[in-house]
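**Student:** These are the residues of each chain, in order.
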Amino acid sequence: MSHHELDARRLLCPMPVIKTQNQVNTLQQGDTLTVICTDPGALNDIPAWCRINGHAVLETREEGHEVRVTLEIGEPSIAL
Amino acid sequence: MTESAPQTLQRPLQRRAIALVSGGLDSMLAVKVMQEQGIHVEGVNFFTGFCVEGHTHAIRKKDKDKNKRNNALWVAEQLGIKLHIVDISEEYKDVVLNPKHGYGANLNPCLDCKIFMVNKATLMLNKARELAGEKGFDFIITGEVVGQRPKSQRKETMPIISRESGADDRLLRPLSAKNLPETLPEREGWVDRSQLHDFSGRNRKPQMALAKRFGLDDFAQPAGGCCFLTDESYSRKLADLWQARNERRYELDDIMLLKVGRHIRPAPHYKLIISREEGENRFLEGYRYQFTSITTSSCPGPLALIDGKLESDHELRQAAAIVARYSKGRTDDEVVVEVRDPSGVVRQLPVRPATPDQVSPEWMV
Ligand code: SF4
Chain S
73 MSHHELDARR
83 LLCPMPVIKT
93 QNQVNTLQQG
103 DTLTVICTDP
113 GALNDIPAWC
123 RINGHAVLET
133 REEGHEVRVT
143 LEIGEPSIAL
Chain W
543 MTESAPQTLQ
553 RPLQRRAIAL
563 VSGGLDSMLA
573 VKVMQEQGIH
583 VEGVNFFTGF
593 CVEGHTHAIR
603 KKDKDKNKRN
613 NALWVAEQLG
623 IKLHIVDISE
633 EYKDVVLNPK
643 HGYGANLNPC
653 LDCKIFMVNK
663 ATLMLNKARE
673 LAGEKGFDFI
683 ITGEVVGQRP
693 KSQRKETMPI
703 ISRESGADDR
713 LLRPLSAKNL
723 PETLPEREGW
733 VDRSQLHDFS
743 GRNRKPQMAL
753 AKRFGLDDFA
763 QPAGGCCFLT
773 DESYSRKLAD
783 LWQARNERRY
793 ELDDIMLLKV
803 GRHIRPAPHY
813 KLIISREEGE
823 NRFLEGYRYQ
833 FTSITTSSCP
843 GPLALIDGKL
853 ESDHELRQAA
863 AIVARYSKGR
873 TDDEVVVEVR
883 DPSGVVRQLP
893 VRPATPDQVS
903 PEWMV
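The listed protein sequences derive, respectively, from chains S and W. Just so we're aligned, residue 73 is where the first sequence starts under our numbering, counting upward by one. Just so we're aligned, residue 543 is where the second sequence starts under our numbering, counting upward by one.
Since the hints were derived computationally from the structure, they do not count as laboratory data. There could be a bad hint or two in this list.
Below 35 angstroms or equal to it, Euclidean Cα-Cα: the simulated DSBU-like pairs (lysine-lysine) are [as the list claims (entries may be wrong)]: (1) LYS574(W) to LYS642(W); (2) LYS91(S) to LYS677(W); (3) LYS574(W) to LYS91(S); (4) LYS642(W) to LYS697(W); (5) LYS574(W) to LYS754(W); (6) LYS747(W) to LYS697(W); (7) LYS574(W) to LYS624(W); (8) LYS754(W) to LYS720(W); (9) LYS747(W) to LYS574(W); (10) LYS91(S) to LYS851(W); (11) LYS635(W) to LYS574(W); (12) LYS697(W) to LYS574(W); (13) LYS754(W) to LYS677(W); (14) LYS677(W) to LYS720(W); (15) LYS642(W) to LYS91(S); (16) LYS574(W) to LYS720(W); (17) LYS91(S) to LYS669(W); (18) LYS635(W) to LYS669(W); (19) LYS91(S) to LYS635(W); (20) LYS91(S) to LYS624(W); (21) LYS851(W) to LYS870(W).
Isolated chain W (complex conformation) (with noise of 0.2 angstroms):
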C-alpha cells in the first residue's frame, strides 16, 4: 500500500466552469480568458429555433461559398472544449411569447432570454455537480460585455440576470468582470480578479485586441448578431404570422419557413411561400405533406406552400397566377400550374401569371 502524499504535494483541484457558447467572438474569449488562469470549461450551446446558423446558408445558393458550418461546435473546436448543444426551442416559445422584461428593437426578448439560458446553464451546473461531484462544475461563464447592448447588456441588468436566473454570485462574466461586483469564483480565489477584463459598451477594439492575443483571426462576425430575433424583416414575418393567426403561437416548423422564401399574403387567412431558387425549392419540397402546394408544370418555376386556407376557386386561381408570375413563364399567356394537397392529390390548372400591378406590394411581408 502506498502513503497517500503530503498535503503539501497534492495538487489544487481544478476548477470546472460552463460557458454559455453562441458561436460569436465573445463567447469565445471569455473561454479562452479562463482557460488562460487554469479553469477547465465545457461549453453549452442552447438551440432555441431562432439561431442564425450554417443550415440558413446551406439552403441558399448565394451563401454557397459560405461554411458551412456550426459556429458553436467550429468555436468548441478551436478552444478545444466539449460542447454540449441543447434543443429548448419548446420552452423557449414563453420566452418569446411572454417576455417579462419585454422585447428590444425587434421581437428579440434578449433580457429574458438571457435569464433563461443562465437559468438553464445553473440547472446543468446543479445536476452536474449532483451527479459528479468534484468533476461537476463550479460556476457559469458568459461572454457578455456591459453596456454592449442597450437592454440586456446593461450595467443595471446584469444582476437581474444573475439574480433571476438563481445563478447569483456564481455567474461570472470574465470579459466585462472588473466593472462588476466580485464573484464566488473570484472571492474563493479560483480565478484571479486583476487578470479579468474592464470592457464596457459598444466600442468592439478591446475585444480584437485580445483576440489578436489570443491569435485568434477567424470568427463568426454576424452583422445582425446571431439570432434571427434581432432582423428587422424576420420579426415582421413573425408578428404576421401572429396576426393572421389571431394569436401568438407558433410551431418550430413555422419559425423555420419564416427564414426561408418569398412571403405574400394576398388576404388575411392565407399566404404563400414562394421558394426563390433550387436549394430553398428542397428545403420547402420537405412541407408539402403538410401543406398544399403550388408548382408549375409547363415550364420550369418555383414550389411555393399555401400557409392558411384557400376559400374560393377564385382565390386558388390568384394563388396559382402569382406562383406562375415567378416562373420562367411570367410573360406566357398561359402557364399550368400543379396543385398538391398534402395526400398527394394533384390537380392541373391552366392559368395567366400575374401581372406586377396584379401583385400588391403591401402584400409582401
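Isolated chain S, as found in the complex (with noise of 0.2 angstroms):
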C-alpha cells in the first residue's frame, strides 16, 4: 500500500476527475491519493466520483485557492 499524490492546479472541471480516474485505474486497492486542485468545483466533483466509483474520501481540506481531496482506492473496476 503506499501513497501518491496528484497535481491537478488550475485544471477546470472536469479535468481533476478525469486525471484522478485515470490515476486511479493504476493504484492498487488500499492505496491512497492526495489531489490538489485550484478549481473549487473539485470539492464537490472529486468525492461524488468516489462515492460513485466505490473509493473512500479520508479527507477534504482547503487551504487559500486550494483545494485537496485525499481519497482510498476501492476495488477496481473495468478500466474503459
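Dock chain one against chain two, each of which comes alone in its own frame, and use the hints as you go.
**Tutor:** Listed below in C-alpha cells is the structure:
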C-alpha cells in the first residue's frame, strides 16, 4: 500500500476528475491518493466521483485557493 | 464438493449496458427505463472541451449560488451508477473542424459528434467484453429522441448514427425505441420492447411525465443544452479565432478562454481578453505565463490577456487605454498600467483611458 500525490492545479472541471480517475486506474486497492486542485468545483466533484465508483474519501481540505482531497482506492472496476 | 445447481434454478445472466450520460434529463430517463428492466447500467461521459459545466459557474460570481457540480457526476449519483469520464478533447478537434455531415444552427457538428461518441462507446464495449467476458457490456443506450433536434435526432439520422458508429443494432434508444426498428437487446429478450417508449418531437411533456413517475424533480435544464457549440455568441468567437489565425485550428486553452471575459479585437492580428470580475481575474491569471498581460496599477482594474502580437508602440498604448477604460479609473486623465510579458518582465505605462467612442462596437467579438 502506498501513498501518491496528483497535481491538478489550474485544471478546470472535469479535468481534475479525469486525471484522478486515470491515476486511480493505475493504483492498487488500499493505496491512498491526495489530489491538489485550484478549481473549487473539485471539492464536490472528486468526492462524488469516489462515492459513485466505490472509493473512500479520507479528507477534503481547503487551503487558500487550493483544494486537497485524499482518497483510498476501493475495488477496481473495468478500466474503460 | 457441491453439485452444480440444476439448470432451472440458475438465474439468468444480468445484461449490462453502457449509457451515454450527458448530464441532462433524457439520458437520465433512458438509464432509469433500463434499470427498471433489471439491466446493469454504467455511464460514460465524454469531455469535448465545449461542455458547459460547473466550472463555468465557478468562475463567475453571478453564478456563485448555482451548484458547482458536474452534472454528469451528479446524474450518475442520483441513478446509482458508475461513471467513466473520458477526455476526448484532442480527437474531438477533427469532429469540430471537419464534420462530414456539416454543422447545425451554429458551429455544433451534432450528427458527427453523436456518431463519434457512440463509436467511442462501441470500442469500450468491445474492449470490456474482451477483458471481462460476461462482466463486459452487451449494448449501448442513449437518451436520443426522434425528431427532438433538427439535425442529429431526425428519424433518418438515427440509423446513420447506429451504422457509422459501428454500434449497429447494439445501440438502443429507450425513449424512442418504439419508433425505431427492433435492436439486438429487444430481439434477444434482454429488454422488453413493450415497456420502452415512443417519444418523438420537441414536446418535452412525455419526458416530464416520466421524470415525475420516477420521482426525479431536480435535473439540469440548461437553456442552450450542455454544449457551448450550440451557443451563438460562443460560435461567433470561435469563428473569429479561426479567421484571425487564417486557419481552422485550436488548442484546449483557446476554447477554454472563449468561455471567459470580454473579447475585443481592435486589429486582425490581436485581441484582448478582459476579465469582468474577480473570478475571471483569477482564472486569467493562470494564463499569464503564456500570454502578455495588462492590468492597471494606479487603480483597481481588470486583468487582460493579449492573444496575438502587438506590432507597434501605438498598438500597445491603444490596448492599454482600452484596458484602462474598464478600470475604476476610467474617467481619470491618466491611469498607470502594468504590461507583463510571459517571462515576467514588467513595464509601467501611463495612459489616458479610452473613451467609449474610441472602442468601436465592431471590435466586440
Ligand atoms: S450539442 Fe454539442 S455535445 Fe451535443 S451532440 Fe451537438 S455537438 Fe455534440
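**Student:** None of the hints should be skipped; say for each whether it holds.
**Tutor:** Evaluation of the provided hints:
no. : hint                   : in the structure
1   : LYS574(W) to LYS642(W) : holds (33 angstroms)
2   : LYS91(S) to LYS677(W)  : holds (25 angstroms)
3   : LYS574(W) to LYS91(S)  : holds (28 angstroms)
4   : LYS642(W) to LYS697(W) : holds (19 angstroms)
5   : LYS574(W) to LYS754(W) : holds (12 angstroms)
6   : LYS747(W) to LYS697(W) : holds (19 angstroms)
7   : LYS574(W) to LYS624(W) : holds (14 angstroms)
8   : LYS754(W) to LYS720(W) : holds (21 angstroms)
9   : LYS747(W) to LYS574(W) : holds (17 angstroms)
10  : LYS91(S) to LYS851(W)  : holds (33 angstroms)
11  : LYS635(W) to LYS574(W) : holds (32 angstroms)
12  : LYS697(W) to LYS574(W) : holds (23 angstroms)
13  : LYS754(W) to LYS677(W) : holds (32 angstroms)
14  : LYS677(W) to LYS720(W) : holds (28 angstroms)
15  : LYS642(W) to LYS91(S)  : holds (31 angstroms)
16  : LYS574(W) to LYS720(W) : holds (17 angstroms)
17  : LYS91(S) to LYS669(W)  : holds (21 angstroms)
18  : LYS635(W) to LYS669(W) : holds (24 angstroms)
19  : LYS91(S) to LYS635(W)  : holds (20 angstroms)
20  : LYS91(S) to LYS624(W)  : holds (16 angstroms)
21  : LYS851(W) to LYS870(W) : holds (26 angstroms)
Of the hints listed earlier, there is not a single one the structure fails to meet.
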